[in-house]
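K.L.:
Just need the whole structure built from these sequences, with the hints factored in.
Numbering (the working numbering), first residue to last: 149 to 765.
Hints in this document: simulated from the structure, not taken from any laboratory.
Fair warning: there could be bad hints in the mix.
[Stated by the list, open to error] Think about it this way: if two alpha-carbon atoms lie no more than 25 Å apart in a straight line, the pair counts; the simulated DMTMM-like pairs of lysine to aspartate or glutamate are:
#1 K756 / E639
#2 K658 / E559
#3 K452 / E559
#4 K452 / E688
#5 K381 / D393
#6 K452 / E744
#7 K658 / D603
#8 K756 / D353
#9 K452 / E564
#10 K756 / D393
#11 K452 / D652
#12 K381 / E485
[As the list claims (entries may be wrong)] Estimated spans, in silico, between C-beta atoms of each pair:
#13 S155 / E485: 34 to 40 Å
#14 M385 / A357: 15 to 21 Å
#15 G449 / S155: 29 to 35 Å
#16 A561 / S155: 40 to 46 Å
#17 E157 / R633: 42 to 48 Å
All residues carry an ideal CB built from backbone N, CA and C; glycine is no exception.
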Amino acid sequence: MLLLSLSHETSPCANFYEYVCEGWKRRHPLREDKYQVSVLTEAEREVRRRLMLALETSSIPRRNQSQIDKLVALYRSCVGSLSRGGNSLHDLRAFFRLHNHRWPEPHAPDRPEFFDHLLELDIRWNLAIAFRYRLAPPDERTGRPFVVLQPIVPDTSVLEPRFRRAYQSLISTMATLLGGEANYVDLVDTVVSVDSLLARQPADDTRLAVPWTRILSVLPGTTYQMWLRPFAKYHPMGRAIRGLDSVQVQSPRYFNMKVTETIYAARCVDEDAPKEQSESLRAVPLLQVLLSPDAVFEVLGVVKRVRNTLEDHLRQAAWMDPETRVRAFTKLEALREQLPKFFVFDGRTPEYERYARLPDLTPSFLDNWLAFRHALGPGVDPPRTANGSLASGGDGEGDEEDLLRFEVAYEPATNELRLHVDVLARPVYSHGAPPAVNFGALGAIVGRELTLAFDRAGALVDAVGEPNRWWSAETERYGACTIRRKFEMRERCFMGQLSHYVNDSAAARKLLRRVVSVSSGLRLAFFAHRGHELESGRRETLRDVTALSGDQLLFASFCYAHCHSVGKLGEVLDLRFGRHTLGELLCNVAVTNMLEFSAAFGCPDNAKMSSAARCRI
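P.N.:
What follows is the structure, given as structure tokens:
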């Protein structure tokens, strides 16, 4: 698509945006009801279309769904895009992410202990199934933590038919959420019958305190390791509990009956569950890429290389004093990438073991959910405030800029770089293409978002996401020769370039951060690609189909991601950009500031894309 878009009439040194995007714009005319469309919105629609196609062409069994079905069900809901501002699916997403185990599998290697399930539900979710724990204040005599275990006594209302039916429905729902396999009816009958039996035998008031190492004498069939391991894993104070510390078991006889019957119920379900049926995945090429370990490895390699290049540039940043530079390194080291969980579906990582056990979802849920998402179309996840209302664009950036954003985002509040599944779609990532193509698109987007962590606004949030200005006093101090002054002088250089494209100075100021980050992202991507070539010893191009060199491919791939068409209404609104669209502005300003661009395309000094004053931060 990139090569078909290149113009044979416009010189890259005269208008690089027109050179790259002319063919694409000609093949994507706007309908009358459309305001504007971009390469990235088209790519997102393609992702959605193919996911819907996978849903239509893949069978959706009621149990033991394939990875493709789970992929479709979790797309855009469990990777962060619906977690903004208290959406109703936020809690469900958190539940799936933090508690996504099935019932214990009898012969699975390294399977979680059943107490892992029970204690995690109680500690993390305040959802007591068989018992409830309480961490009492330290004992006055020993000064050590003191744990109280109390069995959950079923309400006698479970004996009444109408409550029994409601209780059965609740247990069925819980079994579905927890990934209970196969025969939910047997599970319901077993659990309800056990609770009905126990409801007729109320617990006594006996209390027995023993060291954890002797818990076996009170609750046969359990060991202290089975209890302490989940405590250490899930409770913030759990690691302080030792084997010789005391535990108080209330109603030990009743407790033992409850735990024994609960474990027995789970094992009955395991033994009755049919074996998972292997299904052929009729996946479209896009979904094959989503599940490809090679694609994941390549994407992560681009991110890592751009990140290392940013570290080198921070080390050489002349506007930083040593103290600020150290703090910048600290923030970069603490920055984490949050990846879509599809990225770990290669069967070779611990995350795969967790997310492969995601709950099985019923067809009705899939149909309703996807129909709802599909009906809303693109842009269904607007940012929301804490009270759930739509947030306004406080930074003054309009809808046109949102059109050119893709699913890679830096989150200051958590100091995370979030990559969504969309990044595996062309043109951001092209499977099997030369590295220059992916560095130019994906690498530049990653570099753009990483830059936001270290600019003037990024200086307001520290390495752990707290509001804390980390620029040093030397950097902040005003004066003719201060470090902050140097930073502002470089910003003014960009403002001077914007004046050639934007008529309104107020609009130029609003665009400044965007232009700086895009230009910096391209620079990081270019030198990251250079580093990749030096390390690999290879310079891959597409010389069998085009005469473009690797550097030329990188710049063309970068600009192609900014191609978009603007309709009649958009043309009126774009007057403030001096008849230039935002995509043209971002592309041309970024390449104009790269001496390497002029060298790659042989642009003379007086060419329009060769600037006498090249700006950089």
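K.L.:
Given the hint of 42 to 48 Å, is the C-beta distance from E157 to R633 inside that range or not?
P.N.:
holds (45 Å)
K.L.:
Going straight from one Cα to the other, do K452 and E559 come out at no more than 25 Å?
P.N.:
holds (18 Å)
K.L.:
Given the range 40 to 46 Å, decide if the beta-carbon distance of A561 to S155 lies inside it.
P.N.:
42 Å Cβ-Cβ, so the 40 to 46 Å window holds.
K.L.:
Within a Cα-Cα threshold of 25 Å, do K756 and D393 meet the stated pairing?
P.N.:
violated (77 Å)
K.L.:
Given the hint of 34 to 40 Å, is the C-beta distance from S155 to E485 inside that range or not?
P.N.:
For E485 against S155, whose Cβ atoms are near 36 Å apart, the range 34 to 40 Å holds.
K.L.:
Quick one, are K381 and E485 close enough, alpha carbons at most 25 Å?
P.N.:
At roughly 23 Å apart (the allowed maximum being 25 Å), E485 and K381 satisfy the hint.
K.L.:
Run the distance test for K381 versus D393: straight-line Cα separation, threshold 25 Å.
P.N.:
holds (18 Å)
K.L.:
Does E688 lie within 25 Å of K452 when you go C-alpha to C-alpha?
P.N.:
Roughly 20 Å between the alpha carbons, so the hint for K452 and E688 holds.
K.L.:
Check whether the Cα positions of K452 and E744 lie no farther apart than 25 Å.
P.N.:
Measuring from Cα to Cα gives roughly 22 Å; hence the hint holds.
K.L.:
Starting from K452, check that the Cα of D652 is at most 25 Å away, please.
P.N.:
violated (38 Å)
K.L.:
For K756 and D353, compute the direct alpha-carbon distance and say whether it is at most 25 Å.
P.N.:
violated (88 Å)
K.L.:
I want to verify a distance hint. Is the separation of the beta carbons of M385 and A357 within 15 to 21 Å?
P.N.:
holds (19 Å)
Checked against the numbered hints above, the structure violates hints 8, 10 and 11; every other hint is satisfied.
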